[in-house]
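Undergrad: Read off the chains here:
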Amino acid sequence: MMINDDFIRMNSEEKNQLQLERLQSTLNRAYRNVPFHKKRFKEMGIDLSQIENLSDIARLPFMERQNISENYPYNLFAVPLRDIVRIHTAPGTTHSPTVSGYTPQDLSNWQSILARALQASDVTAHDILQITLNPGLANWGRDYKNGAEAIEASVIPHTPMSIEKKLMVLRDYKPSVLITTPSSALQLANYVRKNEINTNAFGLKTLILIGEAIAIDDRRSLEQDLHVNAWTHYGLSEVPGPAIAFECDAHEGLHINEDHFLPEIIDPETGKALPEGRFGELVLTTLTTRAFPLIRFKTGDKARIINVPCPCGRTLCRIEWLGDRTDDLINIDGVKVHKKQIQLSIQSLLDLPSDAAKFLIKKRDEKKYIEVWIPVNDAIFSDEIKELEALIQNAEKNLLENIGIPVAIRLKEKSMI
Amino acid sequence: MLRIRNLKCYYGRIMAVKGVSLSVKKSQIITLIGANGSGKSTLLEAICGLLPGWEGEITFEGIPLKGFDPPAVVKHGISLVPEGRLIFPPISVLDNLKLGAYTMYRKRQHAAVKQTLEKILELFPILGQRAKQAAGTLSGGEQQMLAIGRALMSHPKLLLLDEPSMGLAPLIVEKIFRTLETLREEGITILLVEQNAQAALQIADYGYVFETGTVVLQGRASELLADQEVKRAYLGKDYGEFYDDK
Numbered sequence: 032m033m034i035n036d037d038f039i040r041m042n043s044e045e046k047n048q049l050q051l052e053r054l055q056s057t058l059n060r061a062y063r064n065v066p067f068h069k070k071r072f073k074e075m076g077i078d079l080s081q082i083e084n085l086s087d088i089a090r091l092p093f094m095e096r097q098n099i100s101e102n103y104p105y106n107l108f109a110v111p112l113r114d115i116v117r118i119h120t121a122p123g124t125t126h127s128p129t130v131s132g133y134t135p136q137d138l139s140n141w142q143s144i145l146a147r148a149l150q151a152s153d154v155t156a157h158d159i160l161q162i163t164l165n166p167g168l169a170n171w172g173r174d175y176k177n178g179a180e181a182i183e184a185s186v187i188p189h190t191p192m193s194i195e196k197k198l199m200v201l202r203d204y205k206p207s208v209l210i211t212t213p214s215s216a217l218q219l220a221n222y223v224r225k226n227e228i229n230t231n232a233f234g235l236k237t238l239i240l241i242g243e244a245i246a247i248d249d250r251r252s253l254e255q256d257l258h259v260n261a262w263t264h265y266g267l268s269e270v271p272g273p274a275i276a277f278e279c280d281a282h283e284g285l286h287i288n289e290d291h292f293l294p295e296i297i298d299p300e301t302g303k304a305l306p307e308g309r310f311g312e313l314v315l316t317t318l319t320t321r322a323f324p325l326i327r328f329k330t331g332d333k334a335r336i337i338n339v340p341c342p343c344g345r346t347l348c349r350i351e352w353l354g355d356r357t358d359d360l361i362n363i364d365g366v367k368v369h370k371k372q373i374q375l376s377i378q379s380l381l382d383l384p385s386d387a388a389k390f391l392i393k394k395r396d397e398k399k400y401i402e403v404w405i406p407v408n409d410a411i412f413s414d415e416i417k418e419l420e421a422l423i424q425n426a427e428k429n430l431l432e433n434i435g436i437p438v439a440i441r442l443k444e445k446s447m448i
Numbered sequence: 625m626l627r628i629r630n631l632k633c634y635y636g637r638i639m640a641v642k643g644v645s646l647s648v649k650k651s652q653i654i655t656l657i658g659a660n661g662s663g664k665s666t667l668l669e670a671i672c673g674l675l676p677g678w679e680g681e682i683t684f685e686g687i688p689l690k691g692f693d694p695p696a697v698v699k700h701g702i703s704l705v706p707e708g709r710l711i712f713p714p715i716s717v718l719d720n721l722k723l724g725a726y727t728m729y730r731k732r733q734h735a736a737v738k739q740t741l742e743k744i745l746e747l748f749p750i751l752g753q754r755a756k757q758a759a760g761t762l763s764g765g766e767q768q769m770l771a772i773g774r775a776l777m778s779h780p781k782l783l784l785l786d787e788p789s790m791g792l793a794p795l796i797v798e799k800i801f802r803t804l805e806t807l808r809e810e811g812i813t814i815l816l817v818e819q820n821a822q823a824a825l826q827i828a829d830y831g832y833v834f835e836t837g838t839v840v841l842q843g844r845a846s847e848l849l850a851d852q853e854v855k856r857a858y859l860g861k862d863y864g865e866f867y868d869d870k
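Protein chains in written order, with our numbering: chain A, 32 to 448; chain B, 625 to 870.
Treat each hint with caution, since some may be false.
Computed from the model, here is a short list of chain B residues facing chain A with C-beta under 10 Å [what the hints assert, rightly or not]:
# : residue
1 : Gly643
2 : Leu646
3 : Pro713
4 : Ser716
5 : Asp719
6 : Arg856
Because the hints were derived from the structure by calculation, they are not lab data.
The beta-carbon is built from N, C-alpha and C at its ideal position, and this holds for glycine as well.
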């Protein structure tokens with residue numbers, strides 16, 4: 032596959048023109064094809080012919096995760112269902128999950144986005160890639176596989192495997208690139224250190240960390256322990272996908288794929304744009320997406336835009352992303368869940384009021400899980416400890432199945448919460 | 625080379641082009657496709673200075689074209705091949721061609737005009753054979769060639785074509801479009817407005833899809849050719865599905 036990548040070095044005038052053209056046609060398509068957008072634009076009296084500059088986007092309403100759940104399953108699609116070739120589900124903020132779709136064109140765009148990001152990490156046709164992710168990120172696994180195949184690298188596709196199996200693959204298959212989450216990488220590094228495993232037997236040189244931000248100290252220790260260079264990518268696990276922003280070899284922030292996404296940084300409280308360079312909530316608008324356009328989607332991720340030229344020569348603007356959030360979303364090993372969703376599930380499983388619960392993120396053997404503290408009330412209180420335990424076990428199992436994240440439920444006295 | 629931002633064109637109080645932005649790169653064929661009345665021809669008229677009162681920006685090689693009359697636009701290197709050819713039927717083929725070099729005659733560049741004429745007759749040998757004939761006696765395809773030849777007489781850097789395939793047999797369309805490819809190879813940039821989306825996308829580098837005065841899609845021509853929505857609406861394929869509900 033030929034990768035036409037003039038865009039990464041486009042001057043700002045050309046880039047601005049291309050982004051404006053794509054923004055205008057995205058808005059026209061969304062208006063015509065998605066009743067949700069049409070209704071909101073009409074209600075706000077928005078005339079799309081008045082969107083004459085990229086900054087005019089500030090006149091449009093925001094989209095939030097809740098809007099996606101409310102339009103479950105297909106109401107936000109901008110093309111007929113028969114044009115969709117992939118349907119992806121992720122945990123939402125309510126009972127309904129978020130459902131997104133992709134046309135063949137969308138998938139081909141993702142492939143070039145991933146290929147671009149991988150090339151920036153010096154991945155070539157000579158590399159062997161191993162992808163190991165939480166099952167909740169299976170969709171990303173497919174995108175990375177496709178991107179790597181586009182640059183003709185060899186891929187060991189994403190398969191859930193034990194740590195011993197991962198080490199066997201690292202030792203015997205000698206992948207040169209490992210794509211995983213920071214949590215999983217740290218778990219692997221700790222295991223290697225504890226068991227005094229000789230990393231010289233690995234062929235690993237590149238570690239691509241996705242799904243979560245990583246503290247600089249953790250990153251350095253990973254690089255030392257595994258003898259690799261680490262790179263980070265930023266993406267959204269629900270919609271639309273991974274590597275929306277990627278690191279180059281300067282490792283000073285992540286370049287946003289501005290030909291596909293228009294970034295804004297806003298004050299999450301007021302919704303107003305923040306001065307350049309300030310940390311705020313990252314808001315994204317898709318510029319090429321056909322099936323599932325996002326218009327001013329509030330990511331809930333805190334970031335700031337770095338608009339000074341990058342030493343690598345790419346003219347794509349960069350973001351600094353430290354992993355902080357502006358909302359109640361919890362990121363566990365790259366999979367994001369909303370506290371409200373867990374609350375709603377527990378409520379229906381255990382017949383509890385939904386407001387009284389506390390959430391903690393804990394680690395067991397370097398693996399993160401969510402601990403939820405629930406106040407004991409008459410409805411669930413039982414003389415039989417066994418009955419209580421069964422009830423909780425059942426709820427935990429159900430949550431793992433439905434959200435894809437380990438959750439531990441602890442019953443506590445009301446006064447403790 | 626040509627950059628349009630937020631172009632709005634009006635016929636009386638009706639907005640026919642509703643804030644269109646597009647760009648044409650040097651030595652490429654860019655095509656605008658879309659149904660009748662979607663604003664494509666209006667956009668060409670605005671570029672050529674034939675339409676008063678448009679809003680927005682049109683710049684050609686960095687020069688804003690606002691307020692230019694048609695001769696000034698031609699002098700800057702833009703020529704239009706209008707819809708329906710609009711040749712002068714009673715006068716000869718040769719004189720029709722020479723009229724295309726009107727601005728050069730005024731500058732007394734007779735030798736240059738002669739050279740250009742020879743080149744155009746080389747490109748369309750049939751016009752040489754019919755040089756003395758009244759242009760109105762030519763076939764539709766020949767008239768289209770004459771219209772293109774006439775536009776080329778002023779040495780344009782950018783050639784605008786409005787529906788060159790209209791009313792022509794498929795084989796003739798193919799011939800004309802092959803000529804456009806030759807012109808691109810010679811470095812001429814082409815903006816092609818077409819309802820025959822299939823033919824246009826096959827030779828174009830990049831395309832814009834128009835719908836009721838707005839651009840709803842753009843992309844590399846090869847991508848648009850493969851696009852489900854474009855196929856349904858403009859390429860006549862999959863028509864049964866067109867009214868499918870989601």
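Undergrad: So, against the hints stated earlier in the document, which numbers end up violated here?
TA: 3, 4, 5
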